[in-house]
Amino acid sequence: MHDFAPSALRPIRLLIVDDSNIMRRRIERSQHIPHLQVVGSASDGQQAIEVFRATDPDVVTMDITMPHMDGIECVEKLVQLKPDVLILIVSALADKATAVEAMEKGANGFLNKPFSDRQLNEALEELLGLATAT
Amino acid sequence: MIDEREIRTFVYGTTQYFEVAAQQAASLGSPYLATQGAPEVHEYTGVISVSGRRQGIVYFTAPRGMLTVLLMKMNESNVSHENLCDLVGEVANTISGNARRDFGNQFAISVPTVVSGASASVQPPPDCRPVVIPIHWRSHSAKLVVCLK
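So the sequences go chain by chain: G and S.
Residues 1 to 134, numbered by this note's numbering, are exactly what the first sequence covers, in order.
Residues 1 to 149, numbered by this note's numbering, are exactly what the second sequence covers, in order.
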C-alpha cells in the first residue's frame with residue numbers, strides 16, 4: 001500500500017516516458033506535486049524498461065505511440081517488474097478502447113494530450129491519492 | 001474519401017490543440033480540396049501515416065516562426081531545430097490521435113515522420129484527394145492536410 005500523503009517526506013520517484021523531448025521536458029517542468037522527484041526519462045518502451053530497472057520509480061507517466069515498443073506493451077512489462085507501480089498514461093489516443101486496454105494491462109490513470117498544466121497536476125494528484133474534494 | 005463529419009473531427013482537434021497547448025485559440029479557414037497535386041508545405045512538416053480502417057496520411061505543416069512562438073508559449077526555452085522538428089511531429093501526432101475519439105481504435109496511426117527545409121515536399125498516396133484545413137494563429141499561417149481513403 002502506498003503512502004503518498006504530504007507527511008510522508010520520502011521523495012516520490014517519477015519516470016517520464018515519451019518519444020517527444022519537449023513533452024518529457026514539459027511534464028517535468030509543469031508538475032508541482034510536493035516531493036515528486038523526476039528520477040529518469042525514456043523515449044521508447046525498451047529504454048523505459050532499462051531506466052525503470054536502474055531507477056526503481058514509484059510513478060510513471062507513459063506515452064503510447066512510441067517507436068520500438070509502444071506504451072501499452074511497456075505498461076504490461078513494468079507491472080510485471082513492480083506490481084504496485086502507479087502508471088499514468090499520457091497520450092493523444094482519445095478512444096475509449098485504448099484507455100480500457102491500458103487499464104487492463106495495469107495502468108492506473110489516463111490523461112489525454114493536449115493537456116494544461118492544471119490537468120496534468122490534477123491527474124497526478126488523483127493518481128497519488130492526493131486529490132482533495134472541493 | 002473523407003466526409004464532412006470526419007473533417008469536423010480534425011477541425012475540432014486542431015482547435016483544441018491550440019486552445020489547450022498554446023492557451024490561445026487559432027482561427028481556422030474553410031477546409032478545401034486540393035485540386036493540383038500535393039499542397040505546398042512550410043519549413044517544418046510532421047507526417048502521420050494512417051492504417052487500419054482508413055489508409056493515408058495526415059500532416060501538419062508550419063513555418064519556423066509559428067513553431068518558435070508555440071514552443072515559447074509552452075514555456076520551452078530551447079527553440080533549436082531539433083525541438084521544432086519534435087514539436088511539429090507532436091502536433092501532428094496529437095491531432096491524429098485525438099481523431100480516434102470519433103474514428104475508434106481501428107484508426108491506427110504511426111509515430112511522426114518530420115521533413116524540413118525549403119525543398120521539402122510530402123507526397124500523398126495516389127487516388128486520394130487531400131483536404132486542406134488552413135490554420136491562422138497570431139500572425140502566422142499553417143495548415144493541416146488530411147488525405148485518407
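Worth double-checking, as some hints may not be accurate.
[Stated by the list, open to error] Just so you have them, the derived chain G footprint on chain S, three or more residues with Cβ under 8 Å:
1. 10 to 22
2. 56 to 64
3. 68 to 75
4. 88 to 99
[Said to hold, decoys possible] Partial selection, computed: residues in chain G whose CB lies under 10 Å from chain S:
5. A97
6. N112
7. S116
Note that these hints are calculated values from the structure, not bench results.
The structure presented is a predicted model; accordingly, all values stated were derived computationally and were not measured.
Built from N, CA and C at the ideal position, the CB exists for glycine as well.
Now the hints, each set against the structure:
Proximity of the segment 10 to 22 of chain S to chain G, defined as three or more residues with a beta carbon under 8 Å from a beta carbon of that chain, is established by the 4 residues found. Remark: the segment 56 to 64 of chain S is not confirmed as covered by chain G, as 0 of its residues place a Cβ nearer than 8 Å to a Cβ of that chain, below the required three. Look at the segment 68 to 75 of chain S against chain G: 3 of its residues bring a Cβ nearer than 8 Å to a Cβ of that chain, three or more, so the hint holds. Coverage of the segment 88 to 99 of chain S by chain G holds. Counting CB-CB distances below 8 Å, 9 residues qualify, and the rule asks for three or more.
Annotation: interface hint on A97/G holds; nearest CB of chain S at approximately 4 Å, less than 10 Å. With a cut of 10 Å, the hint placing N112/G at the interface with chain S holds, because the nearest CB-to-CB distance is about 7 Å. For S116/G, the suggested interface contact is upheld, since its CB lies about 6 Å from the closest CB of chain S, less than 10 Å.
Comparing the model with each earlier hint shows a violation of hint 2 alone; every other hint is respected.
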